[in-house]
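Asks: Each chain, letter by letter, is given below.
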Amino acid sequence: MEPIRVIETRTVVIPRENVDTDQIIPGRFLKVTDKKGLGKGLFSDWRYDADGKPRPDFVLNRPEAQGCRVLVAGDNFGCGSSREHAPWALVDYGFQAVVSTRIADIFRNNALKNGLIPIVLEPAAVAKLVAAPGASVRIDLGAQSVTLPDGSVATFPIDGFAKYCLMNGVDELGFLLSQDEAIAKFEARG
Amino acid sequence: MTEKTTASQGPRTLFEKVWDAHVVRPETAETPAVLYIDLHLMHEVTSPQAFSMLRERGLKVRRPERTLATTDHSTPTLPRLPDGRWPFFDAQNEAQVAQIERNAKDFGIELHGLGDAQQGVVHVFGPEMGATQPGMTVVCGDSHTATHGAFGALAFGIGTSEVGHVLATQCLLQRKPRSLAIRVDGRLQPGVTAKDLVLAIIAQIGVGGGTGHVMEFVGPAVRALTMEGRMTLCNMAIEGGARAGLVAPDDATFEWLAGKPRAPKGAAWDAAVARWRKLPTDEGARYDREVTVDVSRLEPMITFGTNPAQGIPVTGAIPDPAAAKDAAARATLESALRYMALTPGKPILGQKVDVVFVGSCTNGRLEDLREAAKVMRGRKVKTRTLVVAGSHAVKKAAEAEGLDRIFREAGAEWREPGCSMCLAMNGDMLQPGQYCVSTSNRNFEGRQGPGGRTLLASPATAAAAAVSGAVADPRRLVEGK
Ligand code: SF4
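These protein sequences, in sequence, are chains A and B. Per this note's numbering, the first sequence starts with residue 1, numbered consecutively. Per this note's numbering, the second sequence starts with residue 191, numbered consecutively.
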């Protein structure tokens, strides 16, 4: 994983509430045995019609959405299944952060393990982003802050350990493996 | 592996007791807790990349005997072909099943795959194996792992990276969730089931209402539920956003578990039961939040929208977005009704139905099939109807009491066990625009096939829809009513 510090990009806005993992990546794309290429299936049923043609009215198909690396969505983003394919698809497509007023637990955990920053902001801050699709934002992971379209700065919570992993491009497994002795002791207590 | 430490003083909740007993290293400001996992369940969809990671890093599985695998999502629900092959929907399904067979063999994991007498939907199969036991920590790369909380186990879904963590270390890094008590008062009326109860709870708290929490279901209506009912209830805790659902173990739990393949035997059983009896929440223990639901007037529920919180009594009417509490709620409702092509204000009773699906880890157990059979007995289905037992053990038990005959005589398809039309990965799917009354747990857009429209309900309500060709009230169809 690449270390992440600061992201400067424009936003893509999907203002819907409860965007579930079946929308992010439908079940039929879960038949793979590796992680690569899932970006093609991202939001597939919203992006393409039944014949596989792009729907011109869906935000990801608009020219101004190209190259944007932050997705802003309505409340409770990522609810539903535990499929890590959801963050894999978002990352494969090119997203580096998701912003909402609430992010589902398992999705948040999965996102953190894949270099996708789950950012929860106050409703008023998200409302500013939703009102200005395509706005340029600056996300500073170290400061845990997002610069909003009106120039104001909003901060977001993130678990300290997850933040450390993201900023240094390391994963949690190394830490768990280093606990071998403690785990063995726990197991010995039977 | 229960009751080893008593980290917190004073009265504790069931959740706290299980949590405390599994902390290998306590959480600090810098690092989450290292939590030991007793049981790791596995299926073919969310595991392949975890094994790839192990191979890439040259890691072994720390405790292979603590992982138990089956195949369910990609498997066909049609019988084996005369030449011995399985009628897979496509080559990708077949490759995924072959992959878990190879991984299980290479890493020494017990797999009950296609052709095995125990194979089934992972959350039906785990309890039937007696693998899920009170006081355990149970995880699986699957959000409906919440199901196992019905036994008083702390059970939650994880992603594939975490599947890799558990394989390599038998542990997970976790921040302690908050606790939420759902107090269910009153008594369920005849014809009203655990499924109706959980749909009502989610309608009340919302699909994100439990985010960040472990939900414990308490109160007289919960104690009165069978184990099957408790599993249905906990199964859908995740649809209310909760990490896990919990029901305290009691005699009903122990009776259900006794004699199951992996349940302790003899003196070990007695010792286990004595330990399990100490698990229920202590008097005076505090939850972070509490919600109360009264079920005395609850009716059979059905969803009309595209998330599980969009449910109404089967005798109710489609809500009007104009009456929504704010703009966001209005937009959510409008988009759901547009997708479902349903008209505000119209009764849901009589809504045309094209397909009925009885099955899944929510309602694919013996009791569920009995409920559906009660309604279908002596009647003919008017829609395509799939009845899919949750596991081979359920299928066998159902056939032993002749339920399969009732379904077949009614004109329903009696299929082989698996996830089937719950998520439409194996070719069992809706056509665009079709309406399906389904006993599964998710009515998300396209969940049962692109463009398909799902109405979630209990097995009895699904069966009533099957024999009516439209949404119907099962209470009017059951014998003696
Ligand atoms: S039955 Fe449905 S919800 Fe349950 S494990 Fe299978 S796909 Fe998931």
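Just so you know, not all the hints are guaranteed correct.
[Stated by the list, open to error] Restricting the straight-line Cα-Cα distance to at most 27 Å, the calculated cross-link-like pairs of lysine-lysine (BS3-like) are: (1) K31/A - K295/B; (2) K468/B - K450/B; (3) K570/B - K586/B; (4) K572/B - K31/A; (5) K450/B - K295/B; (6) K542/B - K572/B; (7) K163/A - K542/B; (8) K163/A - K35/A; (9) K586/B - K455/B; (10) K40/A - K53/A; (11) K572/B - K536/B; (12) K455/B - K515/B; (13) K36/A - K53/A; (14) K185/A - K468/B; (15) K455/B - K468/B; (16) K35/A - K250/B; (17) K586/B - K542/B; (18) K536/B - K515/B; (19) K36/A - K163/A; (20) K53/A - K31/A; (21) K163/A - K128/A; (22) K295/B - K36/A; (23) K450/B - K536/B; (24) K185/A - K564/B; (25) K295/B - K35/A; (26) K250/B - K36/A; (27) K570/B - K185/A; (28) K53/A - K35/A; (29) K366/B - K468/B; (30) K128/A - K564/B; (31) K586/B - K564/B; (32) K542/B - K564/B.
[To be verified] Far from chain B by the CB rule (all over 10 Å, computed), these chain A residues: (33) R10; (34) R55; (35) A65; (36) R83; (37) P87; (38) G94; (39) A104; (40) F156.
Rather than coming from a laboratory, the hints here were simulated on the basis of the structure. The C-beta atom is built at its ideal place from N, Cα and C for all residues, glycine as well.
Asks: Next, verify each hint and record whether it holds.
Replies: For each hint, the structure was consulted:
no.	hint	in the structure
1	K31/A - K295/B	20 Å, holds
2	K468/B - K450/B	22 Å, holds
3	K570/B - K586/B	23 Å, holds
4	K572/B - K31/A	33 Å, violated
5	K450/B - K295/B	25 Å, holds
6	K542/B - K572/B	11 Å, holds
7	K163/A - K542/B	51 Å, violated
8	K163/A - K35/A	23 Å, holds
9	K586/B - K455/B	24 Å, holds
10	K40/A - K53/A	13 Å, holds
11	K572/B - K536/B	22 Å, holds
12	K455/B - K515/B	55 Å, violated
13	K36/A - K53/A	22 Å, holds
14	K185/A - K468/B	24 Å, holds
15	K455/B - K468/B	19 Å, holds
16	K35/A - K250/B	21 Å, holds
17	K586/B - K542/B	33 Å, violated
18	K536/B - K515/B	20 Å, holds
19	K36/A - K163/A	24 Å, holds
20	K53/A - K31/A	22 Å, holds
21	K163/A - K128/A	25 Å, holds
22	K295/B - K36/A	25 Å, holds
23	K450/B - K536/B	48 Å, violated
24	K185/A - K564/B	53 Å, violated
25	K295/B - K35/A	22 Å, holds
26	K250/B - K36/A	24 Å, holds
27	K570/B - K185/A	61 Å, violated
28	K53/A - K35/A	24 Å, holds
29	K366/B - K468/B	21 Å, holds
30	K128/A - K564/B	54 Å, violated
31	K586/B - K564/B	18 Å, holds
32	K542/B - K564/B	22 Å, holds
33	R10	23 Å, holds
34	R55	13 Å, holds
35	A65	20 Å, holds
36	R83	7 Å, violated
37	P87	8 Å, violated
38	G94	20 Å, holds
39	A104	6 Å, violated
40	F156	15 Å, holds
Consistency note: the structure conflicts with the earlier hints numbered 4, 7, 12, 17, 23, 24, 27, 30, 36, 37, 39.
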